[in-house]
Amino acid sequence: MAHFHISASSRVGCVRTNNEDMILIGSELLRNDVYKTSFTTKADNRLLVAIADGMGGHNCGEVASEDSLTNLRFFFDDLPLNMTEGDLRQAMDNWLKSMCLAVEAKGKEDPIYRGMGTTLVAFLYYGGQYYWVNCGDSRLYRLHQGELTQLTTDHSLSNVLGLKTHSSQIVNCIGGGSTESYIDMANITGEVESGDTFMLCSDGLTDMVADEDVQALLEKKADADMLCEAADKAGGYDNVSVITIRVD
1 MAHFHISASS
11 RVGCVRTNNE
21 DMILIGSELL
31 RNDVYKTSFT
41 TKADNRLLVA
51 IADGMGGHNC
61 GEVASEDSLT
71 NLRFFFDDLP
81 LNMTEGDLRQ
91 AMDNWLKSMC
101 LAVEAKGKED
111 PIYRGMGTTL
121 VAFLYYGGQY
131 YWVNCGDSRL
141 YRLHQGELTQ
151 LTTDHSLSNV
161 LGLKTHSSQI
171 VNCIGGGSTE
181 SYIDMANITG
191 EVESGDTFML
201 CSDGLTDMVA
211 DEDVQALLEK
221 KADADMLCEA
231 ADKAGGYDNV
241 SVITIRVD
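In terms of the UniProt record's numbering, the sequence shown opens at residue 1 and continues consecutively.
The set of hints was computed from the structure by calculation and includes no laboratory data. Any given hint might turn out to be false.
Below, in silico cross-link-like pairs of lysine to any residue (SDA-like), each with a Cα-Cα straight-line distance of 20 Å or less [claimed, not checked]:
id: 1; residue 1: 97; residue 2: 171
id: 2; residue 1: 233; residue 2: 18
id: 3; residue 1: 97; residue 2: 114
Each pair of labels, with its calculated beta carbon distance range [said to hold, decoys possible]:
id: 4; residue 1: 184; residue 2: 42; range: 22 to 32 Å
id: 5; residue 1: 94; residue 2: 14; range: 37 to 47 Å
id: 6; residue 1: 128; residue 2: 75; range: 16 to 26 Å
id: 7; residue 1: 105; residue 2: 83; range: 25 to 35 Å
id: 8; residue 1: 157; residue 2: 128; range: 34 to 44 Å
id: 9; residue 1: 83; residue 2: 194; range: 23 to 33 Å
id: 10; residue 1: 186; residue 2: 80; range: 13 to 23 Å
In this text, a Cβ means the ideal position worked out from N, Cα and C, and glycines have one as well.
Taking the hints into account, I'd like the entire structure generated from these sequences.
In structure tokens:
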């Protein structure tokens, strides 16, 4: 059994006028807001936290991110508790396909939504196990015994081409006109122990704040809003959303 202290923050940044990010903590959706809660793991309970970074312009990126997390929330709540890891993976794949179809259908109904899409990164506690899920370039990090590790892999053009420089152009997302969207999902290996911190973020944080500076802030027990503030102080060129999960 572990006890989590969870903080979340989502900001528009210093340049853009519209926030297309969305955060999900359990049943709570938030944008342009801060939130804190706690959670104690048990064999028969579950937790989903996620960030979606919308794209598409014309205000529809925020629709894609909100629709996706709203849909994901109800999907996760309705899962039976006795699913195997393989069944859970298949269920997530099926969810992605249905969500992509829903985004595409919305674009056909109204041209303003055409081409909208969103990234997704999520941390799941389910069936006594911890998982992460990723589609796009939003990230999940783990601070464990003094080492900060990125658990997810960016679905970016630079990674596909094997380039060392970071590219903001992504090759995978929910919607966005993609016909072959996919989800990475993995069990978090190694014991989750007291002192660990997990951090989910949109690229509005990592494009502004270097990993070593993120680690220094996390080691000082900075909450999500403090990390968003660091991104804004560095220029705040994009929307920024962060979730921190500290383990007792």
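Right, here's what the structure says about each hint:
no.: 1; hint: 97 / 171; verdict: holds (16 Å)
no.: 2; hint: 233 / 18; verdict: holds (18 Å)
no.: 3; hint: 97 / 114; verdict: holds (17 Å)
no.: 4; hint: 184 / 42: 22 to 32 Å; verdict: holds (27 Å)
no.: 5; hint: 94 / 14: 37 to 47 Å; verdict: holds (39 Å)
no.: 6; hint: 128 / 75: 16 to 26 Å; verdict: holds (20 Å)
no.: 7; hint: 105 / 83: 25 to 35 Å; verdict: holds (27 Å)
no.: 8; hint: 157 / 128: 34 to 44 Å; verdict: holds (38 Å)
no.: 9; hint: 83 / 194: 23 to 33 Å; verdict: holds (28 Å)
no.: 10; hint: 186 / 80: 13 to 23 Å; verdict: holds (21 Å)
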